[in-house]
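**Q** Sequence:
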Amino acid sequence: MGGAREVPPFARLYNQAFHTDPETAYERLRADGRVAWVEIEPGVRAVLVLDYDLILVISRDAGATWTRRTSQWSAWSAGLIRPDSETAAMVAQRPNMLFAEDFEHSRLRAPFDTALRRVGMRELRARVEQAAMDLIGRFAEHGRAELVGEYAVVLPLMAMSWLFGLDAVDRWRLPDIMRRIWDADGDAARAADDLVRLMDGTVRRHSRGHARGPLTAGLLASSGTLRHEEIVATLVLTVGAGSQPAADLIANTVHLLLTDSQAREALRTAELTVEGAVHRTLWARPPIAHYPPVVARRDVTIDGVTILRGTLVLLGLGPAGQRIHQDHGRPLHNRAYPAFGVGEHRCPADQHALAIAQTAVTTLVRELPDLRLAVPAEQVVWRRSPFARALDRLDVEFTPRSPVSYPAQEGSPTWQQSPGRFPFGPTSTAPSPRGSGGWARLFGSRSRGTSRRGR
1 MGGAREVPPF
11 ARLYNQAFHT
21 DPETAYERLR
31 ADGRVAWVEI
41 EPGVRAVLVL
51 DYDLILVISR
61 DAGATWTRRT
71 SQWSAWSAGL
81 IRPDSETAAM
91 VAQRPNMLFA
101 EDFEHSRLRA
111 PFDTALRRVG
121 MRELRARVEQ
131 AAMDLIGRFA
141 EHGRAELVGE
151 YAVVLPLMAM
161 SWLFGLDAVD
171 RWRLPDIMRR
181 IWDADGDAAR
191 AADDLVRLMD
201 GTVRRHSRGH
211 ARGPLTAGLL
221 ASSGTLRHEE
231 IVATLVLTVG
241 AGSQPAADLI
251 ANTVHLLLTD
261 SQAREALRTA
271 ELTVEGAVHR
281 TLWARPPIAH
291 YPPVVARRDV
301 TIDGVTILRG
311 TLVLLGLGPA
321 GQRIHQDHGR
331 PLHNRAYPAF
341 GVGEHRCPAD
351 QHALAIAQTA
361 VTTLVRELPD
371 LRLAVPAEQV
381 VWRRSPFARA
391 LDRLDVEFTP
401 RSPVSYPAQE
411 GSPTWQQSPG
421 RFPFGPTSTA
431 PSPRGSGGWA
441 RLFGSRSRGT
451 SRRGR
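Residue 333 in full-length UniProt numbering sits at position 333 of the sequence shown, and the numbers go up by one each step.
Just so you know, these hints were derived from the structure itself, not from any lab. Just so it is clear, the structure is predicted and the values come from calculations on it, not from any experiment. Among these hints, one or two may not hold up.
Said to hold, decoys possible - What follows is a set of in silico ranges between Cβ atoms, one per label pair, in the way DEER data are often shown:
| hint | residue 1 | residue 2 | range |
| --- | --- | --- | --- |
| 1 | VAL375 | GLU23 | 15 to 25 Å |
| 2 | GLU101 | ARG372 | 43 to 53 Å |
| 3 | ALA168 | ARG227 | 24 to 34 Å |
| 4 | ARG208 | ASP113 | 17 to 27 Å |
| 5 | THR269 | VAL169 | 41 to 51 Å |
| 6 | THR306 | PRO376 | 41 to 51 Å |
| 7 | ARG268 | ALA110 | 43 to 53 Å |
| 8 | ALA64 | GLU23 | 31 to 41 Å |
Virtual Cβ for every residue (Gly too), placed ideally from N, Cα, C.
I would like the entire structure built from these sequences, with the hints used as guidance.
**A** Laid out in structure tokens, this is it:
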């Protein structure tokens, strides 16, 4: 019944053994059917959905069996979840579109969709390329770099600075705030508050006509649909839910090109484009692997697995897409992958994430054509997140070269106009992906449900 029996080591999603070879672990989990019991931290179990068609059924459920309201997860009232854990950060229910349902979801989502349509994709790509050239210029002369911290993590934040319309000071503050949050140390709570204040000030400047970020301006033009604090919360959600997956997609795609000889040769001969490599990564190694979460509203049995009311269920977008990719018999390069979610909660900014990742990888391999791993492939370490497929770091080498200046567009942020001005240098202090406890503080705990402290 339920999850009474202990899960095997390969089903512990926080375990390094799992992240060393998740594909084999998925095959073993599938031996019992389309769902399997897993552990997301020691002593905390959940059900992982491994089948694409079943994910579709759950995502389209009208609320009779499944809910996005994760405050109903029984583990909160049982006191099993540490407030500073990655589980708390990722699963805690918050008042935003990710966890909203029915009319409330539509009310929050529609203005965001409209605002995204105001973003010029050509300008977004141009600005990402400018920022990428700036970052490459910081380590090009050294002949080596750690691409997660010095490139992949930083670049989406630079793009978001423009999308949000941050002023010259806040463009510098955002990466530092995110670093403090990701470090999850004693300063994380204050950093989370600083991020909310930064976004609050940004929205107020836009309201007075003193800023012109396309995303923020679009949200404010929603004809009163969203309150001021809801716009602030939407921007916080955007940077929280969007920056790290985009960074992981960039790093995972570069890793694919450096470790898969067939993909690398296909890219060299133009049989494979960078765009195709990004799509292949989203099939075989998507950054969001075991997410989003839902909770069972009632007892249900699937393939002999009894899922009791109040059980947390993770939609395995990673294993579902990987299985389709594997069964196809050859690499897939199309966009039919489930990596951005399915149904009404599908990621609204998927095209923007693709534009950022594709431009980032294209610029990198163009400027550093002899890029190679600086360590043996088997020594590359994956982050032990129960929700993501993400590299801890990616050390590379290449032929040292002099930085090439890139002409900035009129009105570009100062970090695009002045080489060497962005606050992350070759020995990067960029946000580390290891910590996550700060996210629990960032998104707040009022909606988390009942935990050991009686929420």
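**Q** Now look at each hint and say whether the structure bears it out.
**A** Checked hints:
no. : hint                           : in the structure
1   : VAL375 with GLU23: 15 to 25 Å  : holds, 21 Å
2   : GLU101 with ARG372: 43 to 53 Å : holds, 48 Å
3   : ALA168 with ARG227: 24 to 34 Å : holds, 28 Å
4   : ARG208 with ASP113: 17 to 27 Å : holds, 25 Å
5   : THR269 with VAL169: 41 to 51 Å : holds, 47 Å
6   : THR306 with PRO376: 41 to 51 Å : holds, 44 Å
7   : ARG268 with ALA110: 43 to 53 Å : holds, 44 Å
8   : ALA64 with GLU23: 31 to 41 Å   : holds, 34 Å
The structure meets every hint from the earlier list without exception.
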